[in-house]
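*Asks:* Guided by the hints, dock chain B onto chain A, whose structure is given.
Residue numbers (our numbering), protein chains in the order written: chain A, 1 to 283; chain B, 284 to 607.
Incorrect hints may appear among the rest.
Said to hold, decoys possible - Estimated spans, in silico, between C-beta atoms of each pair: (1) B/Phe455 - A/Val246: 41 to 51 Å; (2) A/Pro229 - B/Leu292: 47 to 57 Å; (3) B/Phe455 - A/Thr31: 29 to 39 Å; (4) B/Leu384 - A/Glu171: 40 to 50 Å.
For the record, the hints were derived by calculation from the structure and aren't laboratory data.
Cβ atoms here follow ideal geometry from the backbone N, Cα and C, with glycine treated the same way.
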Amino acid sequence: MRNSSKSLFLSKLLSKNKLVLSGVLVVGGLTIMAIFAPLIAPFNPLAIDVEDALLAPSSAHIFGTDHLGRDLFSRVVFGSRISLSIGFVAVGISVLIGLLIGSVAGYYGSRIDTALMRFVDIMLCFPSFFLILAVIAILEPNIINIMVVIGITSWMGVARLIRAEVLSLKEREFILASKAIGASDLRVIVRHLIPNAIAPVLVSAVLGVAAAVLLESSLSFLGLGVQPPTPSWGNILMEGKASLGVCWWLMFFPGFFILITVLGYNLLGEGLREYFNPKKKIC
Amino acid sequence: MKRYIVKRLISIIPMLLGISIISFCVIHLAPGSPVDSSTTLNPKVSFEAREKLVIQYGLDKPLYVQYLSWLKKITTFDFGRSYIDGQKVINKIASRIPITLLINILSISIVLLIAIPIGVISAVREGSFCDRFLTVFVFVGFAIPGFWLALMLMSFFGITLGWLPIQGITSFDFDSLSIFGKFLDIGRHLIMPVFVSCFGSLAAMSRYMRSSMLEVLHKDYIKTARAKGLSENRVVYKHALRNALLPIITILGLSVPGLIGGSVIVESVFGIPGMGRLFFESVMGRDYPVIMAVLVIGALLTLLGNFLADISYLFADPRIRYEK
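So that you can see chain A by itself, here it is in the shape it has in the complex:
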């Protein structure tokens, strides 16, 4: 029963909403590419072959090769693994922190609420890119640190959303009822409040993946992200910068994939927002 209503929901979502459909296609395609990277990539992304350095795109190397003769297509395909997993984990962390802080602030109210929301205000005032740069440079740039740092600097939006939802939900009768039968605060928050407030969080999480991918690529481009030789779209661009104006393919393809990824997640997010909130149509 539950399953069929879920698939009904999905088919309705996909058939009614072109934005979601196009977003799902792009996101799905990229996810498949990341999961099956070893099968899709024709070459080892780390294999150096100096004789084949800086080749233009051809039938053997469809995206060309870089300054060390590595196949660019394979590097871009493997880069999607790094970029997407950083996006997912960072958003996971930020949603967890946001859920915790937002629900506690909304549920307990009064002083706890004031203190937590002040903290949110302070975090929002940081030029967060500066903060991220500083922390990563100090902690040493590696994949784990990037995930964590992006996560802990981007939870404020989720916290505000959840708090607003919880504030209106907690006055409702079903919450009163569950309290009356003796449910603990934890149970009320986790089992009743958060599930009812999840729609806007889902939307902001999907949009968050796009933002995190963009952030990771900027960091890697500045040399403070994923470190070579591990390929990420940002650091392929950084290495390609040396051949600016000579080898267009080194810059065009990784950037194009960043664009597609961000576009796909944004379409999906906006489509979901429209679905959950039909009054606010996109187009």
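*Replies:* Coordinates of chain B only, in the frame set by chain A:
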């Protein structure tokens, strides 16, 4: 009104304190020490010399003592001296800030000039081909990484066509140019950086403008205005636009941190000696006093941006009375 403004100004102080405490802790609790780069990595420096440096910088004292002495100094705008070249931090920043502000103010103005008409047009003709086209443009604009756009522009306009300079803010022969020539030279160097820093916010801003305009167009007073026979132009530009512009003021205030953060990338790619690049250099060199100063000044600019947005809202919308 005066009382509200004063109260609002005073509320900036605890925020700034909070920001400085968080930045201070984050930077100082991290493993590694700023003297590392000049000592451990340099075999000629003895252990004693290293200790001397630690004491000279006050890094041996407890964290709260370091913080308080730092705080006491910055009340007189003394941000200390750079660990790297010994220059006064405040002078370093003062020499870098004008160009960053110039680029950001230019791009904000251009964004407003373009985004407001785009938003209005797509809201008024909701669902039309024009609206759809602009929506696609906005989605793509959101998704283009700024540094990638910069690289593509540099390789096309800078290298392939050779029309625009790709690095720095002035040419080699800058000193020999006339005043007009200097002006033109800086202008030519600024075209691409300003374009790149506009691009992302252009998409966002036109989106906000569109949804704000749509919301207003469905209000009752717009129906009233139409019902009493006002021309469509008057309804849109006089009644709707004015009200739709109000939320944009707040959005402008909120976009300050993004602009400041974005300047790191733009300035790094184009080699512009601004605050963003200074921050990047000091982060790479673990120059604590400079990092702290830029973080605090960046936050101060953000808070001032929000403050100005609130105050202009107050003037723009007479329905709001903060005084109660």
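*Asks:* Against this structure, judge whether each hint is valid.
*Replies:* Hint check:
Look at B/Phe455 against A/Val246: about 23 Å separates their beta carbons, and that is not inside 41 to 51 Å. Checked against the hint of 47 to 57 Å, the pair A/Pro229 and B/Leu292 passes, with Cβ atoms roughly 52 Å apart. The hinted window of 29 to 39 Å between B/Phe455 and A/Thr31 is violated, with their beta carbons roughly 49 Å apart. Between B/Leu384 and A/Glu171, the C-beta spacing of about 47 Å keeps the proposed range 40 to 50 Å intact.
When held up to the earlier numbered hints, the structure conflicts with 1 and 3 and fits the remainder.
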